[in-house]
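S.K.: Keeping their order, the protein sequence lines are chains A and B.
The numbers in the numbering used here rise by one with no breaks, and the one at position 130 of the first sequence is 130.
For any residue, its number in the numbering used here is found by taking its place in the second sequence, counting from 1, and adding 171.
Keep in mind that a hint or two might mislead.
Claimed, not checked - Which stretches of chain B does chain A cover? Using the computed rule of at least three CB atoms under 8 Å from a CB of chain A, they are:
1. 224-233
2. 341-352
Stated by the list, open to error - Only pairs whose alpha carbons sit at most 35 Å apart, straight line, appear in this in silico DSBU-like list of lysine-lysine:
3. B:Lys350 / B:Lys257
4. B:Lys350 / A:Lys67
5. B:Lys350 / A:Lys2
6. A:Lys67 / B:Lys339
7. B:Lys344 / A:Lys2
None of these hints come from the bench; they were simulated from the model.
Note that CB positions come from ideal geometry on N, CA and C, so glycine has one too.
So the chains spell out like this:
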Amino acid sequence: MKCRDVREFILTDYLDERMSGDAQTALERHLAECGGCREFEAQARQVVMEPFRQADRLYPPDAVWEKIHARILEENQARAGSRLGAFWAGLSSRVPLPKPALAAAALVGVMAIALTFTLHRLPMQGPELARLDIEAEATYVAALLDGTSAASVSESGENGGFGTAIEEYFL
Amino acid sequence: MREISEATVRDAAQGSVEAFEAIYKAYGPYVYNVVYRMLHHADDAQDVTQEVFVTVYRKLKTFGFRSSLKTWIYRIATNLAINHAKKREREQNRTVALDEKMESVLASNPADRADVRHAQREQVSALLEVLNADQRACLVLRDFEGLSYEEIAQTLGINLNTVRSRLKRGREKLLAFSKEVIRHEM
Ligand SMILES: [Zn+2]
């Protein structure tokens, strides 16, 4: 075994304990005879192994879950909205709405948005959550009538559309 | 770590917040560690951990139980962390100069014995800054998370030879860098 090959093994399979049998015997025989490679092995252990093995494990602060929690609740609202939206789109294509109805729906929508944001700040449980879903649906319907898409409602805000880029990345 | 059942995954995919919280509790610390070691800043690590779990939540319906949930979540985490690291490197006009990195490692030398553990931790993270994002991901998964070469290959979607050569190149760089640091100190 040449020193060059020995050192490559040391930095990979040997220190990661993936060697066995003849290959390991040959490498260890080389180490017994070659001071330079022994020195290299000691240094490699000290520089690329020990500092990492001794490192502390880190824990995310609670705020991380709180933010995720808030965002998946938003996500659930958007999902509920798009289910109703599909139904509504099907319905409205067959039943044309008169103009005053449209304006009224938009007004309801604006109120629903305000209500959604207010409720959103409060901790919520079962019945409240169900009511919030209805508000989200109302928001969605209003947005549809307004000519904006549901996606722009759910993606705007703190998210800034970053989620969409990630979605594309993983497709 | 608590095992996550298929039923829990399905419930979470259906929108159960409790089920998703169980998944976060099981894997959140793993994700945070990987992402923190990749990015070296707590703020970035928290933001990216958040993105990871929102992505997991959105994609859970497509999880087919072909790989382990842990590997799947690690894959999302490393992808987002590598992207974030590369984006940051581009913004910083390529990687920070080697001199600056050396300064940062030297500055984190434990002069004060009482703070020795914290200093060691800083030094470890600073050391990883020398590597490019792809090499860093391999080293983090191997040395902090204890993944096998096979698991790293699966997580990063690369072959075994690539895992091996990235580990080799990364560790060579660390060795070369530590020699430079020692020369600086003398
Ligand atoms: Zn030798």
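S.K.: Each hint should be assessed against the structure and marked as holding or not.
M.R.: For each hint, the structure was consulted:
Only when three residues or more bring their CB closer than 8 Å to a CB of chain A does the claim for the region 224-233 of chain B stand; here the count is 6, and the claim holds. Interface restraint, the region 341-352 of chain B with chain A: holds (5 residues with C-beta to C-beta distance below 8 Å; minimum three). Between Lys350 of chain B and Lys257 of chain B, the direct Cα distance comes to roughly 26 Å. Compliance with the 35 Å bound is thereby established for this hinted pair. For the hint linking Lys350 of chain B to Lys67 of chain A, the alpha-carbon distance of about 43 Å lies beyond 35 Å, and the restraint is violated.
As the CA atoms of Lys350 of chain B and Lys2 of chain A are separated by approximately 23 Å, the hinted pair is consistent with the 35 Å bound. The hinted pair formed by Lys67 of chain A and Lys339 of chain B fails the criterion: a straight-line CA distance of about 38 Å is larger than 35 Å. Pair hint Lys344 of chain B plus Lys2 of chain A holds up; C-alpha atoms about 21 Å apart against a cutoff of 35 Å.
Of the numbered hints given earlier, the model fails hints 4 and 6; all others are met.
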